[in-house]
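Each chain, letter by letter, is given below.
Number of protein chains: 2
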Amino acid sequence: MDQQLRYTLVLKVYGEDKIFGPGIAELLEKIDCVHSIRKATLEMGMAYSKAWSIIKTAETSLGFPLLSSTTGGAGGGGAVLTDRGRQFLLSYRKFETIVHDFADEIFMEMFGAQA
Amino acid sequence: MDQQLRYTLVLKVYGEDKIFGPGIAELLEKIDCVHSIRKATLEMGMAYSKAWSIIKTAETSLGFPLLSSTTGGAGGGGAVLTDRGRQFLLSYRKFETIVHDFADEIFMEMFGAQA
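If you read the sequences in order, they're chains A and B. Numbering of the first sequence is given in this note's numbering, commencing with residue 6 and proceeding in unit increments. Numbering of the second sequence is given in this note's numbering, commencing with residue 6 and proceeding in unit increments.
For the record, the hints were derived by calculation from the structure and aren't laboratory data. Do not take every clue at face value.
To be verified - Simulated crosslink set (DSBU-like; lysine-lysine; CA at most 30 Å straight-line):
1. A/K17 with B/K99
2. B/K99 with A/K99
3. B/K99 with A/K23
4. A/K17 with B/K35
5. A/K35 with B/K17
6. A/K23 with B/K17
7. A/K17 with A/K35
8. B/K99 with B/K44
9. B/K61 with A/K99
The structure displayed is predicted, hence computed values, not measured ones.
Work the whole structure out from these sequences, hints included.
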């Protein structure tokens with residue numbers, strides 16, 4: 006083998022439909038930063054309608070809202086993560102990190118390289 | 006949450022280009038069964054040209070052949086996995102299994118459900 010190998014690992018969470026994966030996780034993190042679905046989608050180059058649909062599908066499957074709207078205030082209001090939304094996002098990222106760390110070790114042992 | 010959650014995990018191995026993932030693993034396993042790239046692609050509903058390209062890309066990145074051809078004999082010859090090809094396929098499947106088993110446990114702990 007002439008070159009270093011690396012790997013990618015993608016975890017997706019399903020209910021009846023797909024609920025959560027790297028795309029919605031990044032979207033929610035971006036919304037949490039900029040407090041706006043529209044600004045987040047612009048920064049990510051994602052269609053607003055797609056973002057809306059991903060979030061609504063996940064919320065329906067989960068049975069609780071991921072986002073809520075605030076109005077007024079110094080920042081003029083916007084979208085924020087709900088407590089349960091933030092909890093679920095953190096659980097997904099933690100799941101990803103734990104599995105990735107483990108996979109790093111196994112990959113190194115088996116293929117002599119790292120992600 | 007109204008329903009049981011499950012997850013999917015996809016591991017892909019890269020050199021400079023993508024080398025190995027669930028698709029080529031399944032393709033090689035099928036070829037190993039039927040001793041024919043063409044028969045394998047027909048069973049999988051994959052274009053022959055796509056299979057050829059996936060295998061050639063992987064072989065180029067890995068620097069060794071995954072398949073070799075046999076001619077004649079009772080079965081009329083066909084495609085077989087090389088020793089290194091089989092070894093790499095088995096390593097990939099083992100990597101997948103070990104990481105999946107670990108992820109099952111973590112998912113159960115964190116989301117109370119299994120893949």
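Hints versus structure:
| no. | hint | verdict |
| --- | --- | --- |
| 1 | A/K17 with B/K99 | holds (21 Å) |
| 2 | B/K99 with A/K99 | holds (24 Å) |
| 3 | B/K99 with A/K23 | holds (26 Å) |
| 4 | A/K17 with B/K35 | holds (26 Å) |
| 5 | A/K35 with B/K17 | holds (26 Å) |
| 6 | A/K23 with B/K17 | holds (20 Å) |
| 7 | A/K17 with A/K35 | holds (19 Å) |
| 8 | B/K99 with B/K44 | holds (26 Å) |
| 9 | B/K61 with A/K99 | violated (37 Å) |
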